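Student: These are the residues of each chain, in order.
2 protein chains.
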Amino acid sequence: MITVLAGGVGAARFLQGLVAVHPPSDITVISNVGDDAEFFGLHVSPDIDIVMYHLAGLADEQRGFGLRGDTFQVIDAIGRYGYDTWFRLGDGDLATCITRTHLFQKGRTLSEATQEIGSALLMPVRITPVTNDPLRTKIRSDDGVLDFQEYFVKRRTEGHAWEIIYEGSEQAAPAPGVIEAISSASTVLVTPSNPLVSIGPILSVPGVRDALRATEATVVAVSPIVGGKSVKGPADRMLRDQGMEASATTVARLYADFVDVLVIDSVDEGLAAGIEELGVRAVITDTIMDSMEKKTALARVALAAAG
Amino acid sequence: MITVLAGGVGAARFLQGLVAVHPPSDITVISNVGDDAEFFGLHVSPDIDIVMYHLAGLADEQRGFGLRGDTFQVIDAIGRYGYDTWFRLGDGDLATCITRTHLFQKGRTLSEATQEIGSALLMPVRITPVTNDPLRTKIRSDDGVLDFQEYFVKRRTEGHAWEIIYEGSEQAAPAPGVIEAISSASTVLVTPSNPLVSIGPILSVPGVRDALRATEATVVAVSPIVGGKSVKGPADRMLRDQGMEASATTVARLYADFVDVLVIDSVDEGLAAGIEELGVRAVITDTIMDSMEKKTALARVALAAAG
Chain F
1 MITVLAGGVG AARFLQGLVA VHPPSDITVI SNVGDDAEFF GLHVSPDIDI VMYHLAGLAD
61 EQRGFGLRGD TFQVIDAIGR YGYDTWFRLG DGDLATCITR THLFQKGRTL SEATQEIGSA
121 LLMPVRITPV TNDPLRTKIR SDDGVLDFQE YFVKRRTEGH AWEIIYEGSE QAAPAPGVIE
181 AISSASTVLV TPSNPLVSIG PILSVPGVRD ALRATEATVV AVSPIVGGKS VKGPADRMLR
241 DQGMEASATT VARLYADFVD VLVIDSVDEG LAAGIEELGV RAVITDTIMD SMEKKTALAR
301 VALAAAG
Chain U
1001 MITVLAGGVG AARFLQGLVA VHPPSDITVI SNVGDDAEFF GLHVSPDIDI VMYHLAGLAD
1061 EQRGFGLRGD TFQVIDAIGR YGYDTWFRLG DGDLATCITR THLFQKGRTL SEATQEIGSA
1121 LLMPVRITPV TNDPLRTKIR SDDGVLDFQE YFVKRRTEGH AWEIIYEGSE QAAPAPGVIE
1181 AISSASTVLV TPSNPLVSIG PILSVPGVRD ALRATEATVV AVSPIVGGKS VKGPADRMLR
1241 DQGMEASATT VARLYADFVD VLVIDSVDEG LAAGIEELGV RAVITDTIMD SMEKKTALAR
1301 VALAAAG
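In order, the protein sequence lines correspond to chains F and U.
One point on numbering: in this note's numbering, the residue at position 198 of the first sequence is 198, and numbering is uninterrupted.
Just add 1000 to wherever you are in the second sequence, counting from 1, and you've got this note's numbering.
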């Protein structure tokens, strides 16, 4: 059994490779929910959806969110009503959000709604949110505390991120099965996702980090920082905003208490010794997932590193 | 000041004529809400919307509801998730419903939401729901009590309508301004709409019928029954299902306690004497609104009948 801690696009790409080399029915994905949001009263779960859309073969891989070939009729019409539409939800994506919100109204949890939507999308893996409780990543900026999507989409991550806040994390309980999935796994994989705003919120849920430290599974992370830069997104800049170096070494340091192995890119070979000094084994390979072959190759390396 | 009691398509067509012959800013429309419904958690107000879409020049006049040239991306996607989509809301129409539902979540009433949406659609007249409270028309059928849209859209009005129920009407309060609009009007017009399921729910709100009886305004109704048939929709069959004759005379009888004048079609000239015996003056004209000219002509006749 493999359990995967997943953020957004990096996780989705990694999982595309993983399901090609390991039986999907043995895989449980624990998804970040810190970037969930409500737009026009509809619940958006970007990380859950982008993983599902990728695994269903429906993702807009260019844009990095939403559905390929989606239309924007509704959001444009809402815009004509004079409302802010900087969060450009496509029509098909909106159908997912309407369905999810409606399932909430009928009393379902996010876990249950995710299972129902995943089932309609013929998800080959089990996907669960890390928590069913409201957990929202906020960014303390020069203009005050921003909702994550306001920082990420509306402001395009401009400005200094002084602090990353996992609002609601102290009261959040792990969703049913989350702790068990970590404890009973033979391998736990941490996808190459932003350690601060993708993996960080998962780790902030009480009990999750303890379970990762305690599990007998080998825990293998893949660094999202390559050659001092994030492969995609603002992870490098956000790390520096927190006073940290943007490097695979920092990733190793952030995860050192629960990770056994960090897969780093060949360009970071020179960092291996420093990482191993942190008690984390470094495995070196090509981590840039710009083709299906490279995705499966990376998944194989991560699985082999778990032994 | 003119106050108009309005149902769906018949009301919308009549109002297109009325705003062409009378200053729209002097017109208040009191809309039926009995056919409001929730689909996928979104609040649909079909009668309010079809009137607004017609007056904004955006209506799908062929289909009789929704927006001209609308697309159906979201409802099709929701269908792919396995849900019932017999209520075919277009994308632009859905944007109206999402906006309205979101305004409710922010604490606005249906009156306030209608005003905000109407304002975005540059409504020339004031439109208010008859009540902000939940008032839902239900149909007692051979298969039990049906929601109105289930009877009207899903079952295409098939089967015997044993009883029309205005659920919630006893607890419903008139929306702000409704009673005043009736009391202070110089003319009240009742559009050629289904007396049972369009005008009936309006009359069922406590205080409304009394205000209509008490107003010094001349109250002029236009019969939706022409030559024993409804111009559009199931009014004729529903009247017969209730044991009534489908005729302009029945319309006069249903409204006799508050209507001064009933405008009937030339084909029903023979009914005029019987209608006048009910204490309702009959005015005879062409009531079929199949062109803009006929809509304005009908509006002129109704206004002239009010004196």
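There could be a bad hint or two in this list.
Footprint (simulated), chain U over chain F, 3 or more residues, beta carbon under 8 Å [said to hold, decoys possible]:
{"#": "1", "segment": "37 to 48"}
{"#": "2", "segment": "55 to 61"}
{"#": "3", "segment": "89 to 95"}
{"#": "4", "segment": "264 to 271"}
The calculated DSSO-like cross-link candidates involving lysine-lysine, where the alpha carbons are at most 30 Å apart (straight line), are [unchecked claim]:
{"#": "5", "chain 1": "F", "residue 1": "Lys294", "chain 2": "F", "residue 2": "Lys232"}
{"#": "6", "chain 1": "F", "residue 1": "Lys229", "chain 2": "F", "residue 2": "Lys154"}
{"#": "7", "chain 1": "F", "residue 1": "Lys138", "chain 2": "F", "residue 2": "Lys154"}
{"#": "8", "chain 1": "F", "residue 1": "Lys106", "chain 2": "U", "residue 2": "Lys1106"}
{"#": "9", "chain 1": "U", "residue 1": "Lys1138", "chain 2": "F", "residue 2": "Lys154"}
{"#": "10", "chain 1": "U", "residue 1": "Lys1295", "chain 2": "U", "residue 2": "Lys1232"}
{"#": "11", "chain 1": "F", "residue 1": "Lys294", "chain 2": "F", "residue 2": "Lys229"}
{"#": "12", "chain 1": "U", "residue 1": "Lys1229", "chain 2": "F", "residue 2": "Lys106"}
{"#": "13", "chain 1": "F", "residue 1": "Lys138", "chain 2": "F", "residue 2": "Lys232"}
{"#": "14", "chain 1": "U", "residue 1": "Lys1106", "chain 2": "U", "residue 2": "Lys1138"}
{"#": "15", "chain 1": "U", "residue 1": "Lys1154", "chain 2": "U", "residue 2": "Lys1138"}
{"#": "16", "chain 1": "U", "residue 1": "Lys1295", "chain 2": "F", "residue 2": "Lys106"}
{"#": "17", "chain 1": "U", "residue 1": "Lys1229", "chain 2": "U", "residue 2": "Lys1106"}
{"#": "18", "chain 1": "U", "residue 1": "Lys1106", "chain 2": "F", "residue 2": "Lys138"}
Cβ-Cβ distance ranges computed for the label pairs, FRET-style [said to hold, decoys possible]:
{"#": "19", "chain 1": "F", "residue 1": "Lys106", "chain 2": "U", "residue 2": "Arg1108", "range": "49 to 59 Å"}
{"#": "20", "chain 1": "U", "residue 1": "Asp1076", "chain 2": "F", "residue 2": "Asp26", "range": "47 to 57 Å"}
{"#": "21", "chain 1": "F", "residue 1": "Glu38", "chain 2": "U", "residue 2": "Pro1134", "range": "17 to 27 Å"}
{"#": "22", "chain 1": "U", "residue 1": "Leu1122", "chain 2": "F", "residue 2": "Pro23", "range": "19 to 29 Å"}
{"#": "23", "chain 1": "U", "residue 1": "Arg1108", "chain 2": "F", "residue 2": "Arg108", "range": "51 to 61 Å"}
{"#": "24", "chain 1": "F", "residue 1": "Arg209", "chain 2": "U", "residue 2": "Gly1107", "range": "33 to 43 Å"}
Don't read these hints as lab results, they were simulated from the structure.
In this text, all values refer to a predicted model and were calculated from it rather than measured experimentally.
C-beta: ideal position from N, C-alpha, C; glycine also.
Student: Each hint should be assessed against the structure and marked as holding or not.
Tutor: Hint by hint, here is what the structure shows:
Note: the segment 37 to 48 of chain F has 3 residues with beta-carbon separation from chain U under 8 Å; the three-residue rule is met and the coverage holds. Coverage of the segment 55 to 61 of chain F by chain U is violated. Counting CB-CB distances below 8 Å, 0 residues qualify, and the rule asks for three or more. Only when three residues or more bring their CB closer than 8 Å to a CB of chain U does the claim for the segment 89 to 95 of chain F stand; here the count is 4, and the claim holds. Residue count for the segment 264 to 271 of chain F with a Cβ under 8 Å from a Cβ of chain U: 0. That is fewer than the three needed, and the coverage hint is violated.
For the hint pairing Lys294(F) with Lys232(F), the CA-to-CA distance comes to about 16 Å; that is within 30 Å, so the pair holds. Of the supplied pair hints, the one linking Lys229(F) and Lys154(F) holds, its CA atoms being roughly 22 Å apart against a limit of 30 Å. Proximity of Lys138(F) to Lys154(F) is assessed by CA-CA distance (about 14 Å); at most 30 Å being required, the pair is judged to hold. At most 30 Å may separate the alpha-carbon atoms for a hinted pair to count; Lys106(F) and Lys1106(U) meet this at roughly 20 Å.
Our distance criterion of 30 Å between C-alpha atoms is broken by Lys1138(U) and Lys154(F), whose separation comes to about 45 Å. Between Lys1295(U) and Lys1232(U), the direct Cα distance comes to roughly 15 Å. Compliance with the 30 Å bound is thereby established for this hinted pair. The hinted pair formed by Lys294(F) and Lys229(F) meets the criterion: a straight-line CA distance of about 19 Å does not exceed 30 Å. Using a Cα cut-off of 30 Å, the hinted pair Lys1229(U) and Lys106(F) is violated, with the two alpha carbons roughly 42 Å apart.
Taking the CA atoms of Lys138(F) and Lys232(F), the gap is near 20 Å; set against the 30 Å cutoff, the hint holds. Restraint check for Lys1106(U) and Lys1138(U): the C-alpha separation of about 28 Å stays at or below 30 Å, so the hint holds. Among the hinted pairs, Lys1154(U) with Lys1138(U) is consistent with the structure: their alpha-carbon atoms are about 14 Å apart, no more than 30 Å. Between the alpha carbons of Lys1295(U) and Lys106(F) the distance comes to roughly 45 Å, so the proposed pair goes past 30 Å and is violated.
Distance check on the hinted pair: Lys1229(U) and Lys1106(U) sit about 44 Å apart at the alpha-carbon level, beyond 30 Å; violated. At most 30 Å may separate the alpha-carbon atoms for a hinted pair to count; Lys1106(U) and Lys138(F) meet this at roughly 22 Å. One distance hint, 49 to 59 Å for the beta-carbon pair Lys106(F) and Arg1108(U), is violated here, with the actual separation near 24 Å. At roughly 34 Å, the beta-carbon separation of Asp1076(U) and Asp26(F) lies outside the given 47 to 57 Å, and the hint is violated.
At roughly 24 Å, the beta-carbon separation of Glu38(F) and Pro1134(U) lies within the given 17 to 27 Å, and the hint holds. Checked against the given bound of 19 to 29 Å, the beta carbons of Leu1122(U) and Pro23(F), roughly 58 Å apart, lie outside it. Hint check: Arg1108(U) to Arg108(F), Cβ distance near 27 Å, so the stated range 51 to 61 Å is violated. At roughly 39 Å, the beta carbons of Arg209(F) and Gly1107(U) sit within the given window of 33 to 43 Å.
Hint violations for this structure: numbers 2, 4, 9, 12, 16, 17, 19, 20, 22 and 23, all remaining hints satisfied.
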